[in-house]
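Student: One letter stands for each residue in the lines below.
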Amino acid sequence: MSKKLKWAFLSPALILILLLIIFPIFYNLYLSFHTWFGNPKKPPIFVGLSNYVGAFKDSRFINSLYVTAYFTLLALALEVVIGFLMAVYINREYKGKNLVKALLVFPFTATPVAIALVWRIMYDPTLGVINYFLSFFGIKNVLWLSNPKIVIPALVIVDVWEWTPLVTLISLAGLESISASIIEAAKIDGASRSQTLFHIILPMMKPTLIAATMIRSWDCIKTFDIIYVMTQGGPGYASENLNIYAFNNAFRYFNMGYASSLMVILFAIVIGVNLILYQFRGSNT
Amino acid sequence: MSAKVMRKVLFYLGLVVILLPTVFVFYWMVLASFKNQVQNLAYPPLFFFKPTIENYIAVFKQQNFLKYMLNSLIIAAGSTGLSLLFGVPAAYSISRFKMNRMVFTLTFSRMIPFVSYLIPWYILFKRLGLVDTYLGLTLSHIIINMPLVILLMSSFFDEVPLDLEEAARIDGAGSLQVFLLVSLPMAINGLITSAILSFIFSWNQFLFSLILSGPKTKTVPVAVFNFMSYEMINWGGLMAAATLIALPVLVLTVFIHKYIVKGLTMGALKE
Amino acid sequence: MKKLAVVVVALLLVSLAFSINWKQFEGTTLRILANRHPWTNLIQEKITEFESLTGMRVIMEIFPEDQFRTKRTVELSSGVGDVDLFMIMPGQSGKQYYLEGWLYPVDDFINDPTLTDPSWDYNDFFAGVLSGGNFEGKQYCIPIQSETSLLAYRKDLFEKYGVKVPTTMEELEEAAKKLTIDEDGDGKADIYGITLRGKGAAATSQFVDFLYTFGGRWMNEMGEWALDEPAAIQAFEFYAKLLREYGPPGGTNIHWYESTSYFMQGKAAMIYDANVFKSLYEDPSKSKVAGKVGYATIPKGPGGYIKPHVSQWALAIYSGSKHPKAAWLFVQWATSKEMVLEGLMRGIPAPRRSAWESEKYKATDKNPDWTKATMESYAVGNPIWNPPVINVPEARDLIGNGIIVPAILGQDVKKAVESTLPQLNALLERERLMY
Chain C
1 MSKKLKWAFL SPALILILLL IIFPIFYNLY LSFHTWFGNP KKPPIFVGLS NYVGAFKDSR
61 FINSLYVTAY FTLLALALEV VIGFLMAVYI NREYKGKNLV KALLVFPFTA TPVAIALVWR
121 IMYDPTLGVI NYFLSFFGIK NVLWLSNPKI VIPALVIVDV WEWTPLVTLI SLAGLESISA
181 SIIEAAKIDG ASRSQTLFHI ILPMMKPTLI AATMIRSWDC IKTFDIIYVM TQGGPGYASE
241 NLNIYAFNNA FRYFNMGYAS SLMVILFAIV IGVNLILYQF RGSNT
Chain P
1 MSAKVMRKVL FYLGLVVILL PTVFVFYWMV LASFKNQVQN LAYPPLFFFK PTIENYIAVF
61 KQQNFLKYML NSLIIAAGST GLSLLFGVPA AYSISRFKMN RMVFTLTFSR MIPFVSYLIP
121 WYILFKRLGL VDTYLGLTLS HIIINMPLVI LLMSSFFDEV PLDLEEAARI DGAGSLQVFL
181 LVSLPMAING LITSAILSFI FSWNQFLFSL ILSGPKTKTV PVAVFNFMSY EMINWGGLMA
241 AATLIALPVL VLTVFIHKYI VKGLTMGALK E
Chain V
1 MKKLAVVVVA LLLVSLAFSI NWKQFEGTTL RILANRHPWT NLIQEKITEF ESLTGMRVIM
61 EIFPEDQFRT KRTVELSSGV GDVDLFMIMP GQSGKQYYLE GWLYPVDDFI NDPTLTDPSW
121 DYNDFFAGVL SGGNFEGKQY CIPIQSETSL LAYRKDLFEK YGVKVPTTME ELEEAAKKLT
181 IDEDGDGKAD IYGITLRGKG AAATSQFVDF LYTFGGRWMN EMGEWALDEP AAIQAFEFYA
241 KLLREYGPPG GTNIHWYEST SYFMQGKAAM IYDANVFKSL YEDPSKSKVA GKVGYATIPK
301 GPGGYIKPHV SQWALAIYSG SKHPKAAWLF VQWATSKEMV LEGLMRGIPA PRRSAWESEK
361 YKATDKNPDW TKATMESYAV GNPIWNPPVI NVPEARDLIG NGIIVPAILG QDVKKAVEST
421 LPQLNALLER ERLMY
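As given, the protein sequences belong to chains C, P and V, one line each in that order.
Quick note, in the numbering used here, the first sequence goes up one by one and the last residue is 285.
Quick note, in the numbering used here, the second sequence goes up one by one and the last residue is 271.
Quick note, in the numbering used here, the third sequence goes up one by one and the last residue is 435.
Please note that a few of the clues may not be correct.
[Stated by the list, open to error] Residues from chain V that keep clear of chain C, each with C-beta distances beyond 12 Å, as calculated:
{"id": "1", "residue": "PHE50"}
{"id": "2", "residue": "LYS160"}
{"id": "3", "residue": "PRO230"}
{"id": "4", "residue": "ASN253"}
{"id": "5", "residue": "GLY304"}
{"id": "6", "residue": "ASN391"}
{"id": "7", "residue": "ARG430"}
[Unchecked claim] Only pairs whose alpha carbons sit at most 25 Å apart, straight line, appear in this in silico BS3-like list of lysine-lysine:
{"id": "8", "chain 1": "C", "residue 1": "LYS101", "chain 2": "P", "residue 2": "LYS216"}
{"id": "9", "chain 1": "P", "residue 1": "LYS126", "chain 2": "V", "residue 2": "LYS322"}
{"id": "10", "chain 1": "V", "residue 1": "LYS362", "chain 2": "C", "residue 2": "LYS42"}
{"id": "11", "chain 1": "V", "residue 1": "LYS241", "chain 2": "P", "residue 2": "LYS216"}
{"id": "12", "chain 1": "P", "residue 1": "LYS216", "chain 2": "C", "residue 2": "LYS95"}
{"id": "13", "chain 1": "V", "residue 1": "LYS164", "chain 2": "V", "residue 2": "LYS241"}
{"id": "14", "chain 1": "V", "residue 1": "LYS415", "chain 2": "C", "residue 2": "LYS149"}
{"id": "15", "chain 1": "V", "residue 1": "LYS325", "chain 2": "V", "residue 2": "LYS337"}
{"id": "16", "chain 1": "V", "residue 1": "LYS138", "chain 2": "C", "residue 2": "LYS41"}
{"id": "17", "chain 1": "V", "residue 1": "LYS414", "chain 2": "C", "residue 2": "LYS149"}
These are computed hints drawn from the structure, not numbers from a lab.
We put the CB at the ideal spot given by N, CA and C, even for glycine.
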């Protein structure tokens, strides 16, 4: 393939994406150095870095960082661990394997907003079906979405429910590509099942798992739908992550400048996390 | 019972446990769509009740749902088509010239918080006369689809043996011919997978559609929210609508899940 | 049906023969941004009548509240929106929208005999309700619904347990206590004494009635926050205690959706919320308690008086509209005496006196106690129901999340107020600099 074609093939896509993102990026960067209350007839006032400096004195912002980190770490860890273990479990030959795989695609193809609403009705402490089941085991009135200590795990459960299958399917594909002869060889060497899993399969799966983590991290850090539909950041500020806080500033408070600086910070965090994961992946392969 | 049978039973039991949450939530959603408001809020929750199809009738009647379905279909198909048209050649180029950094660059658009697109895009699209047009919405969905297509397709092109392309070239084929007649057919699985996943993500997209659509181009996810009224949440109607939204995608999924799984594999391994 | 419509239109045309020229803007297209609301359903049904009356075309885009606000923000802040009219809660966004110059004053239209029909009767609107959309002497918003909050209670349960309708706050707590009932004896209540909103910002619009009735206020005469005054602290504590001890579990996530659901499922003996929800409670297809509900005003506070809020939904013309006069015709048509009465017949609390006093309404009123309590509340209600700042949503979030939620969780109210006041003061400071 010639050099000429290289750019002829690449540039249409590149230009199209740039055309779509360049204006929003500059718009947000520009506003993040200004105070502006959303009135197009009143020009934004330049305030330098004070939006960024102010953020670190704002307790709601600090709290939202904590919520973002808590939610993301918990969700990512659970999704990757459970997703991988499920894949190991499913990865053998049996009748109905295709059906199992098909079912696993369900949760992430359904509209996220609708899923969040179903969970909201199921989580209701008084009328919901989850507490109804738990009552058989003597557990009563779990306040899923209204206890500040439980709300994030409760939201993580929904995210885990929705996205673990994606990790499972990715892992499954990775497992299927590990040749059977390697595992056979380990068996012959007298390795136990768990030894095979942890010392042979897991290291080989590392790039795949990191990739899955990266894909999930894009959306986990920016989680919006689930939180907005179920708690709107409550109770109090207990589930207000950075994306929700930025949204509130832009679309409910008209603090457009401040909101833009929060978005820029959020964008920086996503890129930062992805770069770290990228490095981490590179080091051992 | 022999140990072998026993183990098999235990294995299937484990499968049931794993899949139970997935199935239950969908079961509950569909069940709710056949209940009226009183039944939906009943306690203890009702598992057996006199079902009603009122909710489905309401969805089709009051909400002009078929038109919204058609809108969603046009936009999802359009953005999928455009993403493939632009993304596939780009992916090929990336694969052949090993431009791994470029993949990272092209996925930036998915790392930007979607909320920060809304106002600048509205300004841009309004000036261009693209608000409430299929073209406008289609373009906005490209931001979500194109990174995916590029990521997946470049992995698939990596798998196409270079020898084959070399052989074609020796036979006198030009680069473009090699791409169209050799590489692309070899990567057909990837093409189908990318198309389906693009379609799903576009079909479910809510935020961009809320801002850039209008009466002419309203999509299904935006329409679903019409079942949240001022005074209460019409659970039955909402769940009926949610079921109907998910249905086309689920049918698609069940038929083509093999390709999706394959596609995810390749994308993951490439990353 | 069609015949009837023709007759109605014909009658309308005859009655309008001596009035303004409704066809003067024939061919204009109006774009309206609306919130999903019972009023919107009513207007949507009738919109063809308006179109044939005026020869205009109306595009009405309707979204649930959150999406509606997002969409409205984008239209206004982008500077390229082409909306002509939008719904607005003047008590919430009015001041900000007025200061940003997004609202079109309608006084000149009202006073123009070629634009406003005498039968529209401006003075028929409740003065207090109008004042919510009036800024510095000019009218910007025309109310389509006026809302207050009422105590709704289960008549059957009150009778069964020998409880009388509370008229003071002590009686309210006592009733809530008595009616928190453990039917199966498992140590957990099966019927809750009362249900209230406890979710952040949403809770503030019901809490305010307790604040005022206890003698508290958002701010003092100097424009400083008065939330640390004893009356305010007492109101926070009382409201939170009611919900925490006699309300459904998980109070901090209860929005009106949840609260009304509990009441309609028969899980709560009382509810304090907007009077507009009567039409829900009384609809047997949605409610198990239809026909068993009584209505009363908020009980008297320690000062021996009641002070509920009166809020409203209104229509406003966007200052950037290209056809404000045509838009005014729509406002006029949509807030006419007939339309408001029609709304009241469907349970939308009317902003016009004539509707409440009409024979047609009185003859069919199935809940006279609701009407009576509503009238009493309107008579003494305070139209300023939100913290008197410009950025109302942020203040509501800060107070709801920073004080009411911790209070419901049983934390110390004074401490919560103390830690929230600096944020509220910072908000005021910012507004002083900007406006």
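Student: Take the hints in turn and mark each one as holding or not.
Tutor: Hints and how they fare:
| no. | hint | in the structure |
| --- | --- | --- |
| 1 | PHE50 | holds, 30 Å |
| 2 | LYS160 | holds, 21 Å |
| 3 | PRO230 | holds, 24 Å |
| 4 | ASN253 | violated, 4 Å |
| 5 | GLY304 | holds, 34 Å |
| 6 | ASN391 | violated, 5 Å |
| 7 | ARG430 | violated, 9 Å |
| 8 | C:LYS101 <-> P:LYS216 | violated, 38 Å |
| 9 | P:LYS126 <-> V:LYS322 | holds, 16 Å |
| 10 | V:LYS362 <-> C:LYS42 | violated, 50 Å |
| 11 | V:LYS241 <-> P:LYS216 | violated, 50 Å |
| 12 | P:LYS216 <-> C:LYS95 | violated, 48 Å |
| 13 | V:LYS164 <-> V:LYS241 | holds, 21 Å |
| 14 | V:LYS415 <-> C:LYS149 | holds, 20 Å |
| 15 | V:LYS325 <-> V:LYS337 | holds, 20 Å |
| 16 | V:LYS138 <-> C:LYS41 | holds, 21 Å |
| 17 | V:LYS414 <-> C:LYS149 | holds, 22 Å |
Against the hints set out earlier in the document, violations occur for numbers 4, 6, 7, 8, 10, 11 and 12.
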